[in-house]
Amino acid sequence: MIRESLTSCGVNQSLCRDPVSQSQGRESGITYTMNGLLVTLERDGFREVTENTFHKLASDETFADVTLACDDGQQLKAHRVILAACSPFFRNILSQNLHPHPLLYVQGVDIKHLKSLLDFIYLGKVLICDRELQSFQETGKRLKIEGLQERVIEL
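Residue numbers for the sequence shown follow my numbering, beginning at 130 and rising by one.
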(Lines of atoms letter the chains of each structure in order from A; the text may use other names.)
(Lines give C-alpha, C1' and ligand atoms only; values in the text may rest on other atoms or scores of the structure.)
Protein backbone atom coordinates (compact mmCIF):
# COMPACT_ATOMS: atom_id res chain seq x y z
CA MET A 130 0.00 0.00 0.00
CA ILE A 131 2.86 2.38 0.75
CA ARG A 132 4.43 1.68 -2.61
CA GLU A 133 1.13 2.40 -4.38
CA SER A 134 0.75 5.76 -2.66
CA LEU A 135 4.34 6.68 -3.42
CA THR A 136 3.88 5.73 -7.06
CA SER A 137 0.86 7.99 -7.34
CA CYS A 138 2.99 10.85 -6.03
CA GLY A 139 5.71 10.17 -8.60
CA VAL A 140 8.29 9.19 -5.99
CA ASN A 141 11.34 7.10 -6.93
CA GLN A 142 10.95 3.82 -5.07
CA SER A 143 14.53 2.66 -4.73
CA LEU A 144 14.75 0.20 -1.87
CA CYS A 145 17.91 -0.45 0.03
CA ARG A 146 18.38 -2.97 2.76
CA ASP A 147 19.49 -1.94 6.20
CA PRO A 148 22.19 -4.39 7.45
CA VAL A 149 20.74 -4.32 10.98
CA SER A 150 17.26 -5.15 9.70
CA GLN A 151 18.62 -7.92 7.49
CA SER A 152 20.13 -9.66 10.47
CA GLN A 153 16.71 -9.54 12.18
CA GLY A 154 14.88 -10.87 9.11
CA ARG A 155 13.27 -7.54 8.16
CA GLU A 156 13.69 -5.17 5.28
CA SER A 157 13.59 -1.41 5.66
CA GLY A 158 12.28 0.54 2.75
CA ILE A 159 14.08 3.77 1.99
CA THR A 160 12.76 5.98 -0.77
CA TYR A 161 14.72 8.91 -2.11
CA THR A 162 12.80 12.06 -2.99
CA MET A 163 13.77 15.61 -3.87
CA ASN A 164 12.69 16.67 -0.38
CA GLY A 165 14.62 13.99 1.51
CA LEU A 166 14.13 10.36 2.47
CA LEU A 167 10.96 8.45 3.20
CA VAL A 168 11.57 5.52 5.50
CA THR A 169 9.22 2.55 5.88
CA LEU A 170 8.86 1.51 9.52
CA GLU A 171 7.58 -1.92 10.42
CA ARG A 172 6.11 -2.82 13.79
CA ASP A 173 7.67 -5.86 15.43
CA GLY A 174 5.13 -8.62 15.99
CA PHE A 175 2.36 -6.84 14.08
CA ARG A 176 0.74 -10.10 12.99
CA GLU A 177 0.74 -11.51 16.53
CA VAL A 178 -0.60 -8.28 18.03
CA THR A 179 -3.38 -8.17 15.41
CA GLU A 180 -4.29 -11.80 16.06
CA ASN A 181 -4.39 -11.19 19.82
CA THR A 182 -6.57 -8.12 19.29
CA PHE A 183 -9.06 -10.15 17.24
CA HIS A 184 -9.14 -12.78 20.01
CA LYS A 185 -9.91 -10.08 22.58
CA LEU A 186 -12.57 -8.48 20.39
CA ALA A 187 -14.30 -11.85 19.96
CA SER A 188 -15.15 -11.94 23.66
CA ASP A 189 -15.44 -8.20 24.39
CA GLU A 190 -18.60 -6.44 23.23
CA THR A 191 -17.43 -2.99 24.36
CA PHE A 192 -16.90 -1.71 20.82
CA ALA A 193 -19.39 -4.00 19.08
CA ASP A 194 -21.55 -1.99 16.72
CA VAL A 195 -23.63 -4.63 14.91
CA THR A 196 -26.22 -7.07 16.24
CA LEU A 197 -26.77 -10.32 14.34
CA ALA A 198 -30.13 -12.01 14.88
CA CYS A 199 -30.81 -15.60 13.86
CA ASP A 200 -33.85 -17.80 13.24
CA ASP A 201 -34.32 -18.85 16.86
CA GLY A 202 -34.55 -15.20 17.97
CA GLN A 203 -31.20 -15.10 19.72
CA GLN A 204 -28.75 -12.32 18.99
CA LEU A 205 -24.99 -11.84 18.99
CA LYS A 206 -22.92 -8.67 18.91
CA ALA A 207 -20.11 -8.17 16.39
CA HIS A 208 -17.92 -5.46 14.92
CA ARG A 209 -18.87 -3.96 11.58
CA VAL A 210 -15.27 -3.52 10.44
CA ILE A 211 -14.44 -7.17 11.20
CA LEU A 212 -17.55 -8.48 9.41
CA ALA A 213 -16.96 -6.22 6.41
CA ALA A 214 -13.31 -7.25 6.17
CA CYS A 215 -14.20 -10.95 6.15
CA SER A 216 -17.29 -11.05 3.95
CA PRO A 217 -18.33 -9.22 0.78
CA PHE A 218 -21.92 -10.09 1.78
CA PHE A 219 -21.63 -8.16 5.07
CA ARG A 220 -19.48 -5.45 3.46
CA ASN A 221 -22.22 -4.72 0.91
CA ILE A 222 -25.01 -4.58 3.50
CA LEU A 223 -23.04 -2.54 6.02
CA SER A 224 -21.78 -0.03 3.46
CA GLN A 225 -25.37 0.68 2.43
CA ASN A 226 -26.67 0.84 6.01
CA LEU A 227 -25.18 3.81 7.84
CA HIS A 228 -27.13 3.24 11.06
CA PRO A 229 -24.73 3.48 14.05
CA HIS A 230 -25.78 0.04 15.34
CA PRO A 231 -27.56 -2.01 12.66
CA LEU A 232 -29.53 -5.14 13.45
CA LEU A 233 -28.99 -7.79 10.77
CA TYR A 234 -31.28 -10.79 10.53
CA VAL A 235 -29.30 -13.78 9.28
CA GLN A 236 -32.04 -15.98 7.84
CA GLY A 237 -31.65 -19.74 7.96
CA VAL A 238 -28.89 -19.72 10.61
CA ASP A 239 -29.26 -20.98 14.17
CA ILE A 240 -27.34 -19.57 17.11
CA LYS A 241 -24.86 -22.46 17.21
CA HIS A 242 -23.77 -21.91 13.60
CA LEU A 243 -23.74 -18.14 14.06
CA LYS A 244 -21.41 -18.46 17.06
CA SER A 245 -19.19 -20.83 15.07
CA LEU A 246 -19.11 -18.44 12.10
CA LEU A 247 -18.04 -15.59 14.36
CA ASP A 248 -15.35 -17.82 15.89
CA PHE A 249 -14.05 -18.54 12.41
CA ILE A 250 -14.12 -14.84 11.49
CA TYR A 251 -12.43 -13.58 14.68
CA LEU A 252 -10.15 -16.49 15.55
CA GLY A 253 -9.42 -17.92 12.11
CA LYS A 254 -10.50 -21.42 13.12
CA VAL A 255 -13.45 -23.32 14.53
CA LEU A 256 -14.32 -26.85 15.66
CA ILE A 257 -17.38 -28.27 13.89
CA CYS A 258 -19.05 -31.62 14.46
CA ASP A 259 -18.76 -33.76 11.32
CA ARG A 260 -22.57 -34.07 11.11
CA GLU A 261 -22.87 -30.26 10.90
CA LEU A 262 -19.92 -29.62 8.59
CA GLN A 263 -21.86 -29.53 5.32
CA SER A 264 -24.56 -27.15 6.54
CA PHE A 265 -21.92 -24.96 8.21
CA GLN A 266 -19.97 -24.74 4.95
CA GLU A 267 -23.16 -23.95 3.03
CA THR A 268 -23.90 -21.12 5.45
CA GLY A 269 -20.35 -19.80 5.08
CA LYS A 270 -20.71 -19.90 1.31
CA ARG A 271 -24.10 -18.15 1.39
CA LEU A 272 -22.70 -15.39 3.62
CA LYS A 273 -19.51 -15.27 1.52
CA ILE A 274 -17.19 -15.71 4.50
CA GLU A 275 -13.69 -15.42 3.06
CA GLY A 276 -11.53 -18.44 3.76
CA LEU A 277 -14.62 -20.56 4.34
CA GLN A 278 -16.57 -20.16 1.11
CA GLU A 279 -13.63 -21.41 -0.96
CA ARG A 280 -12.91 -24.39 1.25
CA VAL A 281 -14.91 -27.58 0.79
CA ILE A 282 -14.10 -30.40 3.17
CA GLU A 283 -15.66 -33.77 2.62
CA LEU A 284 -15.46 -36.55 5.16
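The hints are simulated quantities; they were obtained by calculation from the structure and are not laboratory data.
All C-beta atoms in this analysis are idealised placements derived from N, C-alpha and C, irrespective of residue type, glycine included.
Some hints here could point you the wrong way.
What the hints assert, rightly or not - Computed beta-carbon distance windows for the label pairs:
1) L167 to Q236: 43 to 51 Å
2) E180 to L232: 55 to 63 Å
3) K185 to Y161: 35 to 43 Å
4) K185 to E261: 21 to 29 Å
5) N181 to E267: 55 to 63 Å
6) Q203 to E267: 33 to 41 Å
7) L252 to R172: 32 to 40 Å
8) D239 to A214: 19 to 27 Å
9) Q203 to T162: 50 to 58 Å
10) A187 to L262: 17 to 25 Å
11) E261 to E171: 17 to 25 Å
Evaluated hints:
{"no.": "1", "hint": "L167 to Q236: 43 to 51 Å", "in the structure": "49 Å, holds"}
{"no.": "2", "hint": "E180 to L232: 55 to 63 Å", "in the structure": "29 Å, violated"}
{"no.": "3", "hint": "K185 to Y161: 35 to 43 Å", "in the structure": "40 Å, holds"}
{"no.": "4", "hint": "K185 to E261: 21 to 29 Å", "in the structure": "27 Å, holds"}
{"no.": "5", "hint": "N181 to E267: 55 to 63 Å", "in the structure": "31 Å, violated"}
{"no.": "6", "hint": "Q203 to E267: 33 to 41 Å", "in the structure": "20 Å, violated"}
{"no.": "7", "hint": "L252 to R172: 32 to 40 Å", "in the structure": "22 Å, violated"}
{"no.": "8", "hint": "D239 to A214: 19 to 27 Å", "in the structure": "24 Å, holds"}
{"no.": "9", "hint": "Q203 to T162: 50 to 58 Å", "in the structure": "55 Å, holds"}
{"no.": "10", "hint": "A187 to L262: 17 to 25 Å", "in the structure": "21 Å, holds"}
{"no.": "11", "hint": "E261 to E171: 17 to 25 Å", "in the structure": "41 Å, violated"}
Checked against the numbered hints given earlier, this structure breaks hints 2, 5, 6, 7, 11; the rest are met.
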